Amino acid sequence: MMRALRERWHRFWFDAEAPDNLGLCRALFYGLILLLYLPDGWSEWSDVSPVFWEPITMFKWLPIPVFSAGVLTALGVVWKVSLLAAALGLFTRGSTVVACGVGWYLLGLPHNFGKTHHFDALVALVLAVMMLARTGDAYSLDRRLFGRGRPAPEPSGEYRWPVRATWLLMSLVFASAGFAKLRNEGLNWVFSDNMATKLLQHGYNVASHEPLSDIGPWLAQYPALCSVLALVTVVVEAAYPLAMVSRRARWIFPPAMCGLLIGIRLFMGPTFPQFIICHLFWVPWDRVVAAVSNRVQARMRAPAVA
Amino acid sequence: MSVRRLILVNAVLAFLIAAHLYENVIQAGHWPFCSYPMYAELETERSITIVRVFGVRHDGSETAVHKNEFIHPFDQARLADGMENAHFDRSSGVVALNDVLERYERRRIEREHDGPALVRLRLYRLTHQLEPLAGNADTPEKRELLAESDPLTKSDRFE
Chain A
6 MMRALRERWH RFWFDAEAPD NLGLCRALFY GLILLLYLPD GWSEWSDVSP VFWEPITMFK
66 WLPIPVFSAG VLTALGVVWK VSLLAAALGL FTRGSTVVAC GVGWYLLGLP HNFGKTHHFD
126 ALVALVLAVM MLARTGDAYS LDRRLFGRGR PAPEPSGEYR WPVRATWLLM SLVFASAGFA
186 KLRNEGLNWV FSDNMATKLL QHGYNVASHE PLSDIGPWLA QYPALCSVLA LVTVVVEAAY
246 PLAMVSRRAR WIFPPAMCGL LIGIRLFMGP TFPQFIICHL FWVPWDRVVA AVSNRVQARM
306 RAPAVA
Chain B
15 MSVRRLILVN AVLAFLIAAH LYENVIQAGH WPFCSYPMYA ELETERSITI VRVFGVRHDG
75 SETAVHKNEF IHPFDQARLA DGMENAHFDR SSGVVALNDV LERYERRRIE REHDGPALVR
135 LRLYRLTHQL EPLAGNADTP EKRELLAESD PLTKSDRFE
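In the order they appear, the protein sequences are chains A and B. Here this note's numbering is used: the first residue of the first sequence is 6, the next is one more, and so on. Here this note's numbering is used: the first residue of the second sequence is 15, the next is one more, and so on.
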C-alpha cells in the first residue's frame, strides 16, 4: 500500500518529460509578470512615514531595511532586467535567482504599510519554485548561445515537477479560500443574504480598487441569484485541487477560477492579474505549439496540393 | 534525477504543503503564506462603516481623496487600514495625514495626478445604511471627524 502510494507520488511529480513545456511556461510567466510590473516603481515607499510601518514576518525576522529612493529605483530596474532575462532564458539560473530574491523584497515591501494584501503572494512562491527548477533547457537563449553542439536534453522529471508544484500552489491557495468560507460560516455563507450584502457593500468603494462596473449593487437586488454565485464560488474554490489529478477537472476549474477573478474585479473592485497569469501553467504549451505548427504546415502544403 | 535532487524537491513540496496547512490551522497570514480568509466572514449588517480621507481646498470646501493615484503608493484599502491603525492604535492620525498630504501636494505639483490643490486632509469615519444600488454612496448617514492634518504652509507647497 505504502509502496504503491510512493510510486504514484513519484510518477505524478517526476515522470520524465521533455523540457519544452517548462521552457515555454518560463518564457510566458516571466514575460507577463514583467509586462504587469513594468509601469510600477517602489521608490515612494522610502518616503512614507514610519507611523504606517507594521512589518510582515519576513521583514520582522530578517534585518531588512526600507532602502532609500535611489536604491529602490535601482532594485526595480534590476528586478525588471532579471525578469526579462529569465523570460528570454538568458543566464537562466542566475536571472531566476535574482528575480526571486529581489522580487520577494519588492513585492513584500508594500505589505509592511497599513495592510497585507495577498494578490501577489502566489507570484512570490512561483518565483521560488522556478528558481529551483531547470527552466532554461528549452526555448532559451542559453540553449541557443551556449548549447550548440550539445545533445538535446533528455526527458526528465526535472521538467515536470515545477509545473506541477505551481498547480499545487494554486490548489492550496484557492482551496484555502474555499475552506475559510465554509469553516467560518458553513453553508450560511452561501444560503443567506451574505453575497448580496457583500456586493452591495462594494458599491461604497471599500476595496483597494473601484469596481469596473455597477453590476455588483445591481446583482445585490436578487439575493437568490447572489446565492447561486456564492455556491459557484465555494465549489470552484474548494474543488479546485481536483484539477491536479483529473484532466476533465482541468478543463473546468482553472477557467472557472479565472472567470471568478474577473468577476471580482468587475463587481467588487479587487484586482488579481497575478493569479490569472499563474493559470498559464495549466496549459500544455508544448502541445499548443505542436498543434499550431502542424496546422501552419498543413496550410502551407494545401495550395500546392490544390 | 539524482537522489539528492529528489530529496530536495520532495522537501520543497512538503514544506509548501505544510506551510499552507499551518496557516489554515492557525488562521493567520505570514506573507507569502496565508489562509486566504478574504470575504470569508458572513455579512449580515445592513450598514457599513468606513474610514475615509477627505481633502480641504483653499476655499475651505471638502473633496474626496478617492483615486489611488492621489494617495500613491497606497491604495484605498491599504490607506484606510493604515490610517485606522495609526489613529486608534498609535494616536498618530495627524502625523499620518500630514505624511499623505505632503506627498499628495508634491506629486500634484510634479503633475503626477490631476487632483485639486489641497491645504489640509481630514480623516472621517463614515456610516452608510445600505441602500439599493448603493444610491447613498456619497451621502453617509453619519460622519465623524477623527483627525485633521496640520495646514500646509506656503513654504510647504513646493512652489
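Hint data in this document are derived by calculation from the structure and do not stem from the laboratory. Heads up, some of the hints might be wrong.
[To be verified] Capping the alpha-carbon separation at 20 angstroms, the derived lysine to any residue pairs in SDA-like fashion look like this:
hint, chain 1, residue 1, chain 2, residue 2
1, A, Lys85, A, Asp45
2, A, Lys120, B, Arg71
3, A, Lys85, A, Glu49
4, B, Lys81, A, Lys85
[As the list claims (entries may be wrong)] What the simulated footprint calls covered on chain A by chain B, stretch by stretch (three residues with Cβ under 8 angstroms from a Cβ of chain B suffice, anywhere in the stretch; the number is not a length):
hint, segment
5, 22-33
6, 60-68
7, 83-90
8, 144-154
9, 220-234
Values in this document were obtained by computation on a predicted structure and should not be read as measured data. Cβ coordinates follow ideal geometry from the N, Cα and C atoms, glycine included.
Results of checking the hints against the structure:
1. With a C-alpha separation of about 10 angstroms, the suggested pairing of A:Lys85 with A:Asp45 holds against the 20 angstroms cut-off.
2. Among the hinted pairs, A:Lys120 with B:Arg71 is inconsistent with the structure: their alpha-carbon atoms are about 28 angstroms apart, more than 20 angstroms.
3. A threshold of 20 angstroms between alpha carbons decides the hint, and for A:Lys85 with A:Glu49 the separation of about 17 angstroms falls inside it, so the pair holds.
4. A threshold of 20 angstroms between alpha carbons decides the hint, and for B:Lys81 with A:Lys85 the separation of about 26 angstroms lies outside it, so the pair is violated.
5. Coverage of the segment 22-33 of chain A by chain B is violated [criterion: at least 3 residues with CB-CB distance below 8 angstroms; count 0].
6. Closer than 8 angstroms: that is the beta-carbon criterion, and the segment 60-68 of chain A has 3 residues meeting it against chain B, so the requirement of 3 holds.
7. Only residues whose C-beta sits within less than 8 angstroms of a C-beta in chain B count toward coverage, and the segment 83-90 of chain A has 0 of them, not enough to reach three; the restraint is violated.
8. With 0 residues bearing a CB less than 8 angstroms from a CB of chain B, the segment 144-154 of chain A misses the requirement of three and the coverage assertion fails.
9. Residues of the segment 220-234 of chain A with a Cβ under 8 angstroms from some Cβ of chain B number 4, which satisfies the need for three, so the listed coverage holds.
In the structure shown, a violation is registered for the earlier hints numbered 2, 4, 5, 7 and 8, in ascending order.
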